[in-house]
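Engineer: Chain residues, written in single-letter form:
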Amino acid sequence: MTQSYLSHLECSGCGKQYSHNQIHTFCPLCQSPLLSLYDLKRARQNVDRDEITRRKKGMWRWHELLPVLNEENQIFLGEGDTPLLSLPHLEKELRLSNLFVKDESSNPTGSFKARGLAAAISKAKELGVKKVIIPTAGNAGGAMAAYAARAGLRAHIFMPKDTPFANIEESRMAGAEVILIDGIISDAAGMAGEKARAEGWFDVSTFKEPYRVEGKKVMGYELAEAFDWQLPDVIIYPTGGGTGLVGMWKAFAELEALGWLEKTKRPRMVSVQAEGCAPVVKAFQKGAVFCDFWTNAQTIASGLRVPKSFADHLILQNIYDSEGTAIAVSDESILESQKQLASMEGIFAAPEGAATLAALKELIKQDWVHPEERIVLFNTGSGLKYLDHVS
Amino acid sequence: MSSNILYIEDNPDNMMLVQRALESRGYCLLKAVNGLSGLQVAQQEDVDLILLDINLPDIDGYEVARRLRSSSKAALVHVPIIAITANALKGDAEKALDAGCDVYMSKPINIRELWARVEAFVPMP
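Order-wise, the sequence lines are chains A and B.
Here numbering that gives the first Met the number 0 is used: position 47 in the first sequence is 46, and no number is missing along the way.
Here numbering that gives the first Met the number 0 is used: position 12 in the second sequence is 11, and no number is missing along the way.
Hints are computed from structural coordinates only; laboratory data are not their basis.
Computed from a predicted model, the values in this text were never measured in an experiment.
For glycine and all other residues, C-beta sits at the position ideal for the given N, C-alpha and C.
Just to be clear, a hint being listed does not mean it is correct.
Facing chain B, a subset of chain A residues (Cβ under 10 Å, in silico) [stated by the list, open to error]: (1) F25; (2) G189; (3) M190; (4) D291.
Whenever a hint applies, use it, and build me the whole structure from the sequences.
Structural biologist: The structure is reproduced here in structure tokens:
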């Protein structure tokens with residue numbers, strides 16, 4: 000049995016190919032993110048989607064389409080196969096008939112970041128990396144610390160000093176060296192990059208290594224599987240670094256190439272940001288290909304406080320290609336939606352997840368979604384990690 | 000006639016990357032490795048756009064931008080300035096824009112974005 004059909008890495012900007020057997024960050028020629036490419040022709044012949052469905056639950060049951068070549072290097076803490084829940088009370092309230100939430104809070108470390116970091120740390124281990132570094136708005140740091148601990152790697156984290164307390168403590172508990180900085184994630188990214196270059200740490204910043212997006216893309220596989228190999232009409236996704244949005248779009252392309260989808264109509268992708276930090280929304284409204292750096296970024300949703308993603312052009316391209324949209328919501332509407340999700344459906348969502356419900360309400364007002372459409376919100380993490388911010 | 004772009008940057012790797020990228024599009028790159036020599040080149044040459052690193056070995060990029068904007072050479076008061084930093088300090092972007100820069104970019108510089116940003120001010124020759 001082939002463990003992985005990974006064939007090579009390819010630059011998302013200039014198309015130059017790189018070997019997956021060597022450590023890479025991003026394209027040194029044009030400084031765009033690298034993406035993993037698989038031999039999908041061979042996978043199509045040899046891999047049975049229904050056999051994957053029968054396997055033991057977890058992200059790694061999709062191992063043929065993930066980048067780790069040797070099973071021994073898979074670091075597994077239970078990530079993946081999060082529930083896709085219907086939202087009957089909100090459906091009634093909003094006069095919709097097919098509303099769901101993909102609840103990522105049940106991942107290890109309480110957020111969707113576990114998926115990406117499981118893939119990245121596993122691959123880093125496979126390639127012989129000994130120490131990893133990350134700038135984070137919070138949850139990615141906690142996830143990296145946990146997976147690095149499990150993999151036996153040293154971990155160093157730069158995070159804003161106003162990061163939720165849970166993220167700071169979970170990172171330290173897992174043995175990571177945590178530096179709290181007076182700034183936001185873009186400032187942390189500069190410091191992490193500097194330390195990585197000076198001391199030889201491997202930088203697992205969003206899209207500055209090729210594999211986090213591979214873990215995140217599995218959310219797309221799981222959605223297709225849950226809907227009997229059809230895709231929803233609309234996916235509403237909170238966008239900071241944008242790995243999940245780009246990853247799912249990549250997953251849908253791979254599923255099409257594998258011939259696994261019953262219908263190939265793809266969803267309209269909705270990128271949700273906070274009004275206090277909405278570079279993707281601003282760029283989308285202008286029809287731009289890149290985002291301007293967002294100055295004075297402020298929002299209670301720390302995961303959305305990303306002034307400019309390294310993969311902004313991929314995020315925007317995916318939104319345009321999907322005929323989707325981008326929408327900014329206020330912190331007040333995020334908090335109101337967080338209460339609604341908890342009190343009506345029993346889901347204590349992270350502010351970033353609650354932002355998707357706030358966005359949906361706006362989209363209904365704009366008649367951008369239709370009552371009968373199959374709509375999926377993404378709750379990217381547990382509200383329990385933000386108690387100091389929401390209480 | 001090619002357009003002159005002045006890049007003020009002390010890191011040779013970044014300088015080489017940007018030089019290759021812009022010359023491949025027909026621009027002429029003028030180079031300066033610190034703030035004061037950058038100001039000198041800007042005074043002496045016809046410059047259509049300035050790429051300005053913020054962390055320079057002598058005066059920082061903010062000061063360079065301020066001096067350009069208050070220059071007696073009228074063209075420099077309005078020349079487009081794109082600030083480029085490793086954003087290692089809080090509020091780099093805000094400070095760069097306050098100092099008179101038109102656009103802020105953070106490293107690593109995506110070459111396609113650089114082309115787009117430059118072309119927005121100076122059409123490809």
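Engineer: All the hints need checking, so say for each whether the structure fits it.
Structural biologist: Now for the hints, and whether the structure bears them out:
This hint holds: F25 of chain A has a C-beta 7 Å from the nearest C-beta of chain B, less than the 10 Å allowed. Hint on G189 of chain A holds. Least Cβ distance to chain B is approximately 4 Å, under the 10 Å limit. Because the smallest distance between the Cβ of M190 of chain A and any Cβ of chain B comes to about 6 Å, under 10 Å, the interface hint for this residue holds. Because the smallest distance between the Cβ of D291 of chain A and any Cβ of chain B comes to about 7 Å, under 10 Å, the interface hint for this residue holds.
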